[in-house]
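Could you use the hints to bring the two separately framed chains together as a complex?
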Amino acid sequence: MLTPESLAQIDRELTKYPADQRRSATMSALRIAQVEHRWLSNELIEFVANYIGIPPVAAYEVATFYNMFDRKPVGRHKLTVCTNLPCALSGGADAGKYLQQKLGIGYGETTADGRFTLMEGECMGACGYAPVMLVNNHSMCNHMTPEAIDKKLAELE
Amino acid sequence: MTVYVKGVVFEGVDFDDPNSWKLDAYVARGGYAALKKILQTGMTQDEIIAEMKTSSLRGRGGAGFPTGLKWSFMPRNFPGQKYLVCNTDEGEPGTFKDLDIIVNNPHALIEGMIIGGFAMGITVGYNYIHGEVFEAYERFEAALEEARAAGFLGDNILGTDFCFQLHGHHGYGAYICGEETALLESLEGKKGQPRFKPPFPASFGLYGKPTTINNTETFASVPYIIREGGQKFLELGKPNNGGTKLFSISGHVNRPGNYEIPLGTPFSELLEMAGGMRGGRKLKAVIPGGSSAPVLPADIMMDCTMDYDAIAKAGSMLGSGAVIVMDESVCMVKALERLSYFYFEESCGQCTPCREGTGWLYRVVHRIEHGQGRPEDLDLLLSVGANIAGRTICALGDAAVMPVQGMLKHFRAEFEHHIEHKNCLVRGY
Ligand SMILES: Cc1cc2nc3c(=O)[nH]c(=O)nc-3n(C[C@H](O)[C@H](O)[C@H](O)COP(=O)(O)O)c2cc1C
Ligand code: SF4
Ligand code: FES
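Protein sequence lines, in the order shown, are assigned to chains A and B.
Sequential numbering from 1 applies to the first sequence in UniProt numbering.
Sequential numbering from 1 applies to the second sequence in UniProt numbering.
Bear in mind the hints are in silico, worked out from the structure with no lab data behind them.
A portion of the hints provided could be inaccurate.
[What the hints assert, rightly or not] Taking CB as the label site, the calculated pair distances span: (1) A/Asn-50 to B/Ala-149: 31 to 41 Å; (2) A/Glu-157 to B/Asn-77: 40 to 50 Å; (3) B/Val-103 to A/His-37: 25 to 35 Å; (4) B/Gly-208 to A/Asp-11: 24 to 34 Å; (5) A/Arg-38 to B/Val-103: 23 to 33 Å.
For glycine and all other residues, C-beta sits at the position ideal for the given N, C-alpha and C.
Chain B extracted, bound-state conformation (with noise of 0.2 Å):
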């Protein structure tokens, strides 16, 4: 289910209208005219790279880089071939908002793709989509189709000398291919592990060449802000956290589904909009920015507004806006292990403290909740955390430590209930 409240990426698409993702629909609620106003008043790639700088908008992927820096960084008067990458490899767990995109509105990815390229001077890109979710490449590839027919993708866009190739390409089950260098590999076909950086893509990305890479949802945002202007989408947001944004809420409530609202918003109105608890059943926690994102507890998080800055001073991160929301019934070690393991699972296994330490970390958890934990087991894990995070090729190392460190901090007593008692405080998953 996906409501739209406010916002640009699901502005006037009928959700019950199953054509309502194609190109004529698109066009008829102002697609496309983004792309226009480029190539027909001539704005130059420096106005539109400071349009997206004054928006604010900040890399929907998980990281929060601000992408009007990112597209300056990249060399425009580079001479060789040059590389623009979307990110649709969306495997974080409590994350399902980039699938909506592509099924949805496809054309609003391609045309922020086509500015994108017309911005740093880039003429072929490439859509990385995740390989479970195999119905949605096939829809991207459909509107591909369609914009070419229509003279807004290939050569000679709108009749000007501005060409822009663009393909799908499909991953199949590996979510270390959502890391952008993982990606790249995985992209000439390779196994996808993660690369040693610096270089960074800019200067060193796909073939080797200067790349940007960029989230499905940050580059549907694009053509908004270009048509609009980036001051009225900051103006959606609040400031240094421009725009709205799409979170996915699973977990708990009644009525899951991706929300597109203002950030900025407090988590309780969220909660309200997608039906509040389901039951009637309390609130114990939230983790809000997919599950790498510190888990918050129910106090914390009826305070926090949702937005970058609100929920990083909370000791969490809003991450990729994938809110998972658990009700009182849940056991926290049952829900650490099932996170553990899948950072185990999903190591590529590259570097030692990662290979490892995602492994030791799954094992502790797991004896905890099968009643064989031992007292020093929860600075075992602390330590054996501080050995992985910040020691390692790629951020999953991180990604796996945060949330154990964000359980022992917020929710310990549990941990120790059960190393004590053999058993658990609550009954539910």
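So that you can see chain A by itself, here it is in the shape it has in the complex (with noise of 0.2 Å):
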């Protein structure tokens, strides 16, 4: 279900950890496949504790414990922005409610052409440029005025 390439960069994290501890390497596994197919299904789930060799149901746990991984389908593109209160007095609940009006859509939703899925986050430890905004839970984008947000948008297709 992974590409040979994502198959080495698990062993690469494999490598990092006590050889009878393979189990630390779950959660950068789920983030390695949730990189390539966008969202963890059960199988995808299952797929990787079985390369690991830990039981499924421990990898089940973490895929739901983690906010950032996806158990259901997503967009093309995942936006989430913090509005936790440092950021909102900057503007970050303000960059939420346009994002939503801009995509008619809610927090949580997908469009229906599923280019983009919007979420609210939490404290991304990045307030100081607020408001902020991550792209596909990896990509940080600082001081996402209206503006900012309009450019951003049209750059992802």
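Here it is, written out as structure tokens:
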């Protein structure tokens, strides 16, 4: 279910931990799998669990506990906007409202064309650059004014 | 934006130079000299820990525990594997300093961890990095590669028989993993649920082995202390509050950002450095140490100096050094509603007082904000809080209660107005 490149990345993560503690790589292995498939189906989680050599239920637990894992399909681009207080004081909540209006969806929803999923996030440790938005979990965008949001959305096919 | 006024973490860093984080630049500004000093002059473990104690460096992750003392708790002659763990799971609302360290000066952290490993006889370390800042994780991994290639990290460091392996590990969206035992569970590949203590990590930590955990900024302060001496570090700050610290300033200031300044600097000066209040509006209140710290009104804050003891005396805590500045347009009910939602959302659900209590706090503040509050609600909030605080496995329970108590202590009238008139006194956020 995963390309040789993804498997090689998981192998690299596994080298960080003692040989009898392969479970430690669960989170990064699930992350690598999610990057390839965009979301984690039950089959994918089970595949990852088997690859690492842990019971599938242990991998499900991890996939469920951590917010950045998606257990159902998401759009081609997942946008997570931080609305916690420090960001809200500098336009974080407004950025969230602007995105909702512009995309015509609420938090946790995906546009009809499957292009965007919008999520409300908690503090990302980047409050000084508010408003902040995370694109596809890994790319942090700072100072997301309405103009900056327009520009960013146009870049994301 | 990062402003270096005086300090040890960002000394010599050129924030305009995209290569300033790299090993060459770090070495050119005195980097890895502390490690060389230890290995080449035969500085002993006891001497290192003594310097750490002299420095009076206190943990920069929130609790402010003296680092030298923590290091001395580590069973140095324990026969099996021991671990050193760095906490870069920065997720306390308002805090963004550790991200800045990893991005702009990762080798200071790496060198600090290698020294910690040497001092406590530990040969393996991990740095747990907040999932949302994945680019910082990649930066850290790149810096590790450089350190290994240069012989500062790995087997036989600088030709001695000292070995230390260090790896990056990322989270994936759970505030609770900042709590050190939840972090260890997560590092083991499990749900991030805090452990009962005791046993403490120093005896039962990662994989059940003795483990020392420190914050990113704590480790990044170590090279300076070893290079220049603990006394010199101490003198940068004030007694019992040694050194300088990074303050993350967010909210209604003209220049939000990280400011590295001596502990004991007056808040009024810090506010000025941050460009003063945005739009020239009046300061209303400050949360001085991350979202868990009780709020302080402007007049108290303007008389405070920024150090552990002064902020504690004023009834709050310095915590992680996240300073959330609010002007007169802020509705305190709405502000508290957002924070209470956060703790409710992030409770791991393991203990009943926290799982149920955080939901209760949020729902009551929510109904006050939405014009459905009842006169007895304020006492209800305090009694729910009293039933959470001190009755939970980890400090998230207390962290959820302190903002409520602080708000009701200093801004009770605003909550009463909401309940009586069903609307806000002020109309900003
Ligand atoms: C709910 C909760 C969240 C925490 N989050 C962090 C964090 O993001 N970063 C951190 O360094 N410490 C955090 N801590 C404190 C750690 O448990 C621990 O005290 C700290 O990492 C020790 O390092 P220090 O002594 O260098 O400060 C948190 C504690 C609690 C209870
Ligand atoms: S206090 Fe809350 S977050 Fe901490 S262990 Fe209990 S339920 Fe989990
Ligand atoms: S509050 Fe938004 S990144 Fe911290």
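Which numbered conditions among the earlier hints are violated in the structure presented, ordered from lowest to highest?
Number 2 only.
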